[in-house]
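As a plain string of letters, each chain reads:
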Amino acid sequence: MQKLTRRGWLTVIVMALLAVLPPVFYLTGNAFYLDLATRLTILAIAAVSLNLILGYGGLISFGHAAFVGLGAYAVGIPAYHWLYYSWGDWAVNGLVQFPLAIIVSAVFALLTGIVCLRTRGVYFIMITMAFAQMVYYLIVSIEEYGGDDGLVIDTRSELPLINLDDPLQLFGLSYVSLLVAMLLVRMIVNSRFGMVLQGAKGNEERMISLGFNVYAYRLTAYVISGAMAGYAGALLGNFTTFISPEMMDWSRSGELMFMVILGGVATTLGPVLGAVSFIVIEEILSTITIYWHLPFGLMLIGVVLFVRGGLAGLLTGRGGKDD
Amino acid sequence: MTAVLEISGLNKSFGGIKATDDLNLSVTPHELHAIIGPNGAGKTTLISQLSGTQQPDTGTIRFQGQDITQIAPHKRAHLGIARSYQITSLIMQMSVIDNIALALQAHDGHSFRFIRPARGIKSLRDRAMSLLDRVGLADKADLSTAALSHGEHRHMEIAIALASEAELMLLDEPMAGLGLEASAQMVDLLLGIKGKHTILLIEHDMDAVFALADRISVLVYGHIIATGTPDEIRSNEAVQHAYLGEE
Ligand SMILES: Nc1ncnc2c1ncn2[C@@H]1O[C@H](COP(=O)(O)OP(=O)(O)OP(=O)(O)O)[C@@H](O)[C@H]1O
Ligand SMILES: [Mg+2]
Numbered sequence: 024m025q026k027l028t029r030r031g032w033l034t035v036i037v038m039a040l041l042a043v044l045p046p047v048f049y050l051t052g053n054a055f056y057l058d059l060a061t062r063l064t065i066l067a068i069a070a071v072s073l074n075l076i077l078g079y080g081g082l083i084s085f086g087h088a089a090f091v092g093l094g095a096y097a098v099g100i101p102a103y104h105w106l107y108y109s110w111g112d113w114a115v116n117g118l119v120q121f122p123l124a125i126i127v128s129a130v131f132a133l134l135t136g137i138v139c140l141r142t143r144g145v146y147f148i149m150i151t152m153a154f155a156q157m158v159y160y161l162i163v164s165i166e167e168y169g170g171d172d173g174l175v176i177d178t179r180s181e182l183p184l185i186n187l188d189d190p191l192q193l194f195g196l197s198y199v200s201l202l203v204a205m206l207l208v209r210m211i212v213n214s215r216f217g218m219v220l221q222g223a224k225g226n227e228e229r230m231i232s233l234g235f236n237v238y239a240y241r242l243t244a245y246v247i248s249g250a251m252a253g254y255a256g257a258l259l260g261n262f263t264t265f266i267s268p269e270m271m272d273w274s275r276s277g278e279l280m281f282m283v284i285l286g287g288v289a290t291t292l293g294p295v296l297g298a299v300s301f302i303v304i305e306e307i308l309s310t311i312t313i314y315w316h317l318p319f320g321l322m323l324i325g326v327v328l329f330v331r332g333g334l335a336g337l338l339t340g341r342g343g344k345d346d
Numbered sequence: 015m016t017a018v019l020e021i022s023g024l025n026k027s028f029g030g031i032k033a034t035d036d037l038n039l040s041v042t043p044h045e046l047h048a049i050i051g052p053n054g055a056g057k058t059t060l061i062s063q064l065s066g067t068q069q070p071d072t073g074t075i076r077f078q079g080q081d082i083t084q085i086a087p088h089k090r091a092h093l094g095i096a097r098s099y100q101i102t103s104l105i106m107q108m109s110v111i112d113n114i115a116l117a118l119q120a121h122d123g124h125s126f127r128f129i130r131p132a133r134g135i136k137s138l139r140d141r142a143m144s145l146l147d148r149v150g151l152a153d154k155a156d157l158s159t160a161a162l163s164h165g166e167h168r169h170m171e172i173a174i175a176l177a178s179e180a181e182l183m184l185l186d187e188p189m190a191g192l193g194l195e196a197s198a199q200m201v202d203l204l205l206g207i208k209g210k211h212t213i214l215l216i217e218h219d220m221d222a223v224f225a226l227a228d229r230i231s232v233l234v235y236g237h238i239i240a241t242g243t244p245d246e247i248r249s250n251e252a253v254q255h256a257y258l259g260e261e
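The listed protein sequences correspond, in order, to chains V and Z. Those letters in the first sequence? Residues 24 to 346, by our numbering. Those letters in the second sequence? Residues 15 to 261, by our numbering.
Hints in this document: simulated from the structure, not taken from any laboratory. Treat each hint with caution, since some may be false.
[Stated by the list, open to error] A short list of chain V residues far from chain Z (calculated; beta carbon distances all over 10 Å):
1. G31
2. L44
3. H104
4. N116
5. M149
6. Q156
7. L191
8. M205
9. T264
10. I304
11. I307
12. I324
[Unchecked claim] Lysine-lysine pairs mimicking DSSO-like chemistry, simulated, CA-CA at most 30 Å apart:
13. K136/Z to K89/Z
14. K154/Z to K136/Z
15. K26/V to K136/Z
16. K26/V to K154/Z
17. K154/Z to K210/Z
18. K210/Z to K89/Z
Keep in mind the model is a prediction, meaning the values are calculated, not measured. In this text, a Cβ means the ideal position worked out from N, Cα and C, and glycines have one as well.
If we strip away everything but chain Z, and leave its shape as in the complex, we get:
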């Protein structure tokens, strides 16, 4: 089975800080692979290099066998890579449904179409509505995005990632800032999509990670110190010493 994602020898520094340090990782089809690590370990930087908004100094990234290291971020989206943001990144001035419809529109041919009103395109609207339904926001569809709560924004992030129907989803701390109940909802939501897509999940919430992940990699100072099943990671001494122990 060829890996969906194959990262080899990835390095990235910011001035003196090595945010990514000789990172190697292989993610297999339809697994939910979690990446855990302390603050500043370089998790978001890794996601940004995978989605293409940041360029690695050295190393290669392969997606479904193709070297994508030099490919522009908007093209990676079309190859089948979607990302959600740790710090909510939505179009605040637009309505909730417009945000989702735009995500769908991105994968519905080019948008050099000037005549028909986009809000009148039923296929996009209907699919956007059903995505909002899936994340429990159907009744908020017409509100301004800015008017929604933080937790609702996190659900919109997931709906947008789902809209792409991407093979690989890069989810950067979807539970960041959520309360207990909202976190549990998010875990349910992720359990629902698990197995249908390949998911690289970054998460601080250990209960969520151990409930969801097929495999876990532990990132410390930009380097992966261990990869394994949840049980293997739990019992790994180096991991406990470097990370789990101090939590």
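With the rest of the complex left out, here is chain V:
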């Protein structure tokens, strides 16, 4: 075992608090805080997945909510058919729904990535957003699944050993999923693949002339990231038991980007800190004033402009380099 750095300790402490505090609140009669924690944990998974391409890959993807939304619909649509069209019980089986969510999002990432990754800079931002909006409008136009109004998920995913109707167990699954996602991304970015991804962020032309097919590596990262976000979406569907196109709106994608940037790009803990702060501050400000968007926006801009390395950098007193 290597010795933990300051940032390593911060990661351990934050993750331990996140594991312990919400269940304690729940068991002492504050169910609301467990709900909040589950939501932020799920969003943190999506932020961690975005960090792979945004933070480590330097790809400013502005359509990440589409993957999350698709994952949620991969839970909601089979459940809908199970209820109204008497599809078999497999349709509400989590061992079908979760893989389906991952596959749908991965395929969508592959098909759109093939096109998006041929563009650079502002064009990349625009086209990733355009594809996400395309899915948004597609879902809006399907009356069967509630169109604009969305769809209630009547039955949560059925899983062996776990009952997702129990808020504590749903939180537990989300928390473990977040841990796995963080470790997975950490492993990937430190591997040969991750070195290529980060090298291409730093100097694409050099990486190509070294002999790397940068496009193929980025596309792979894009698909992995999309698949992870799809998984987060499946959890989110189970949490909210309600799906609507609004989940894929560009402002949702923007929020995920803010979480990553706020927390500190290209760090293991950053996206989690970002998600925690985002949800907590949003919650506090929205109880004080209905005009909370303005101070919140100003704060985000402040962090992005003035704190190098985001919150993770601020808390450990250094810039955005990972430990």
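Once you've looked at the hints, dock chain Z with the ligands against the given chain V.
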């Protein structure tokens, strides 16, 4: 003896500027072939077309007998063509040794490997260290690349070209911006690899060129006006008129 590099009828224009003008050149195995020419003669543009980052308008490039004109740049690297950049082109956010290790990794099978930490792969690290040793940067291995001086960056460029063990090395002004002493070091370094690889060297420093080159080609307005041994080039009237005379 077949040529390592055979360029015929190469043309490239930017708007009205002919950066490469009916260029023909043949480079033989293991020679150090220097290309000299005034600013804006089209030297970097030529290198870019050879490495594949720019496409010629017309003409063909053959490498070891194979027509590579249409081949993607990352594939040319695997055929055995490496380049260094006139304007330092490194991954500034990474450490010095990471830059070199990545260059080695490019030629160590594919990199769709997701599990093992790349920095723990001893073979890559050891070879990167010995390359850094060769260019005199072993003690800077763990520093951030951005923290090194311009001269040290130029040495990293060479270490990266060496890492590929490429048959053909395209070196675009390796001495650009170096002081006297650093230039002399670079000449020594190039003398050390000369004869082991085929080198196309672009250089403004005439002393270095005449000390290193087996043959020299003179590029003016995108066209090669003379090719020959250093002595032949020195005494060539057209060259003196077009280039050497005005230096
Ligand atoms: N991408 C580009 N777009 C437009 N013009 C270009 C481009 N690249 C090069 N040129 C022009 O082509 C000509 C040759 O440029 P190049 O950089 O190849 O010259 P060079 O011989 O390397 O010069 P130097 O000695 O200054 O490095 C110049 O007139 C330059 O302005
Ligand atoms: Mg040049």
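Status of each hint after checking the structure:
1. With a least CB separation of 15 Å from chain Z, G31/V remains clear of the 10 Å interface cut-off, as annotated.
2. For L44/V, the non-interface assignment is confirmed: its Cβ lies about 32 Å from the closest Cβ of chain Z, beyond the 10 Å cut-off.
3. At roughly 35 Å, the least C-beta separation between H104/V and chain Z is larger than 10 Å, which holds for a residue marked as non-interface.
4. Annotated as non-interface, N116/V keeps its C-beta farther than 10 Å from every C-beta of chain Z; the closest such distance is 29 Å.
5. Remark: the non-interface label on M149/V is consistent with the geometry, its nearest Cβ contact in chain Z lying 25 Å away (cut-off 10 Å).
6. Under the 10 Å C-beta cut-off, the non-interface status given to Q156/V relative to chain Z holds; the minimum distance is some 31 Å.
7. Remark: the non-interface label on L191/V is consistent with the geometry, its nearest Cβ contact in chain Z lying 33 Å away (cut-off 10 Å).
8. Against chain Z, the non-interface label of M205/V holds: every CB pair exceeds 10 Å, the least being about 15 Å.
9. No Cβ of chain Z approaches the Cβ of T264/V within 10 Å, the least distance being about 34 Å, so the stated non-interface status holds.
10. Distance check on I304/V: its Cβ is at least 30 Å (rounded) from any Cβ of chain Z, clearing the 10 Å threshold; non-interface status holds.
11. With a cut of 10 Å on Cβ distances, I307/V stays outside the contact zone with chain Z, its closest approach being about 35 Å.
12. Once the 10 Å rule is applied to beta carbons, I324/V is consistent with being away from chain Z; the minimum gap is 24 Å.
13. With a C-alpha separation of about 26 Å, the suggested pairing of K136/Z with K89/Z holds against the 30 Å cut-off.
14. In summary, the hint linking K154/Z to K136/Z is supported, as the alpha carbons are separated by about 18 Å, within the 30 Å threshold.
15. A distance of roughly 21 Å separates the Cα atoms of K26/V and K136/Z; the hinted pair therefore holds under the 30 Å criterion.
16. Proximity of K26/V to K154/Z is assessed by CA-CA distance (about 24 Å); at most 30 Å being required, the pair is judged to hold.
17. In summary, the hint linking K154/Z to K210/Z is supported, as the alpha carbons are separated by about 27 Å, within the 30 Å threshold.
18. In summary, the hint linking K210/Z to K89/Z is supported, as the alpha carbons are separated by about 22 Å, within the 30 Å threshold.
Violation of the numbered hints given earlier is absent; every hint is satisfied by the structure.
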